[in-house]
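Chains as they are written, first to last, in our numbering: chain A, 1 to 214; chain B, 1 to 251; chain C, 1 to 227.
These are computed hints drawn from the structure, not numbers from a lab. Here the structure is a predicted model, which means the values were calculated and not measured. Do not take every clue at face value.
Listed below are the simulated DSBU-like cross-link pairs for lysine-lysine, each with C-alpha atoms no more than 35 Å apart in a straight line [stated by the list, open to error]: (1) K10(B) / K230(B); (2) K8(A) / K201(A); (3) K85(A) / K168(A); (4) K8(A) / K168(A); (5) K85(A) / K201(A); (6) K85(A) / K11(C); (7) K8(A) / K230(B); (8) K85(A) / K8(A); (9) K10(B) / K8(A).
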Amino acid sequence: MSVVIETKQLTSVRAGRTLFSSLSLQLCAGEILHVEGPNGAGKSTLLRIIAGLLSPQEGQVLLFGQPQYEDPELWQRNTLFIGHKPAVKAELTALENLHYQSQFDGAEDVDAWHLLETVGLLGLEDLPAQQLSAGQQRRIALARLWYSTAPLWILDEPFTALDSRGIKLLHERFQHHIDQGGALLLTSHQPLTWSGERLQKIRIEPHDEALGYE
Amino acid sequence: MWKWLHPYAKGEATFRLLGAWLPWLSGLALILVSVGLVWGLFYAPPDYQQGDSYRIIFIHVPAAMFSMGAYTGMAIAALIALVWQIRTAEWAIAAIAPVGAVLTFVALFTGAVWGKPMWGTWWEWDARLTSELILLFLYIGVLALYYAFNDARTGAKAAAILSLVGVVNVPIIHFSVYWWNSLHQGATITKFSKPSMPPEMLIPLLISIAGFLFLTAALITQRLRNEILKQELHRPWAMQQLGVEANNGVQ
Amino acid sequence: MNNASTWRILKTLMRRDLAVALRRRSDVINPLLFVLIVVTLFPLAVGPGPDILGRIATGVIWVAALLSALLGSERLFRDDFLDGSLEQMVLLPAPLPALALGKIVVHWLLSGLPLVILAPLCALLLKLPFEAWGTLMLTLLVGTPMLSAMTAVGAALTVSLGRGGALLSLLLLPLFIPLLIFAAAAVESTLVGTSAYGQVVLLAGLMLLTLTLAPLAVAAAIRVSVN
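Based on the sequences and whatever the hints tell you, model everything.
Next comes the structure, spelled out in structure tokens:
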């Protein structure tokens, strides 16, 4: 199976604290990688490094075997990152948010109404997003997953604030994505329903302070 | 090209290199500043127009020169820090900025002191003084930004960007202020430096300038050493260094 | 690599920012009211005689413009940073400096341009002689884009701080000085009856330089801030 993303000897130091060192991982097409670990262990940092928002102290990240700095555009076109913050504009309605999001992602032919229905926001399209609940805002952000063609999804705590129906919906979408040969990297405190070979797990433990940098 | 350099060795190597330079820089600074100032303040002839009060130029001119020079140095460090991601260069910003700010302040202060007998006022909107005042604001801005962040690296990078923005603006500010001053010619009589200075004034001035150059370099070197030590305190070499220095102090 | 997609993304970004700003009209209007109020305060403070007011009018209007630029600076990146749009902007497949320029243009449309339109009213209140109105508006037209660009640099640098206000003025006001000097001098030379051509051309040159370099600094600052 083809390797989508690979990290080699990744080390990250934030605010003088080593989060992880010499972290190597591989994620192939059709696989899910679940990054586990306690709060503050550096899960989000790892995801942000892989997405290209942060640079690691050491080591490198390869997408389809290409290092990041060689072609940032390839990176930006083939990955989709959704972080803690939903990137939903509070002043705009759900419909407008979806519209601009899909424009940014280059998905011209997206039917925003259909998308609204899919993520269960039909009937709320005219409300400014600031009047929606956290879970509903997250649904707006996650709606990107229904038209995204990016092979690699990087999702930081995607289930936060979602209700059980939302979680189920998202699981179905993940299944669809990996069935299509996509890869998925996520952090979550929710247990995932997958089992078997398609789900990999990696655990980041808080670094032993006594060891420090060495 | 710098990426492959082992980052752990870098701080230590730089620290030792700077340590080797430091005695030379401080020695030269001490000698040249003393000679320049003693000569200038006590033995150079008085000015036929300004009497003894012109003597402040032996401090003012070098301070003003290197207040600008230090800003350029800081901007170069900032460029290196941003392009090659070298941490030592980031620390150099923090090492240079306060030295530059103090030089700027000295230039301003001596300018004001000189202004009192010359213009009859402590502050005159003279082009050079105004320019120095703005430079002081720029230094304070860089320092304030550097220390505003919780994460030291973020602060250093932000300050580096600001230094580069500043260094593009410094010549523009300088030019605009001089131009503005020529537009509003008021009480200002003369500039500090005269076109033809007799050698008995010029030589001590040049010595003093050279002395201030080494003084600035020595101060920055020492500050950078401190900064490296502070940032690398968790590494064994730094602790060892401190231990060794503490022992030396006891003996 | 792909100009068409960069252009599409840039257009979307600018449209979205305009749409957001139009939902929050007070953010656009308040800095303008601020300028108007500052302008109103001066005659009350120094007396309404036309000789004094006319002399300080340009300076007052320009200083008020600089301060209002600071006042409106939060709008540039703060919300984007808090809601995560800023990090998504970094990840868009388009050059970040181009997007930064887009943000600057939108900011100018909503802060600089209204100020140019407001200028005659301020000039009237401050009894600036009529022959200098044109020059005043011209300096604002050429100068405010520079103001927006520099403000964007400062705002991008301090966006992650949360309490950037006072720091921002410390960073930015010294950099506004050349702008202030040349703009005031341009109006001044019109008042004394000479041509302001040289100063305006100089300002235009500075504007081009700023609009070329500032987006690069903004892009670098955003990358640091989304850390």
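Status of the hints after comparison with the structure:
{"no.": "1", "hint": "K10(B) / K230(B)", "verdict": "holds (14 Å)"}
{"no.": "2", "hint": "K8(A) / K201(A)", "verdict": "holds (17 Å)"}
{"no.": "3", "hint": "K85(A) / K168(A)", "verdict": "holds (21 Å)"}
{"no.": "4", "hint": "K8(A) / K168(A)", "verdict": "holds (34 Å)"}
{"no.": "5", "hint": "K85(A) / K201(A)", "verdict": "holds (24 Å)"}
{"no.": "6", "hint": "K85(A) / K11(C)", "verdict": "holds (23 Å)"}
{"no.": "7", "hint": "K8(A) / K230(B)", "verdict": "holds (30 Å)"}
{"no.": "8", "hint": "K85(A) / K8(A)", "verdict": "holds (28 Å)"}
{"no.": "9", "hint": "K10(B) / K8(A)", "verdict": "holds (22 Å)"}
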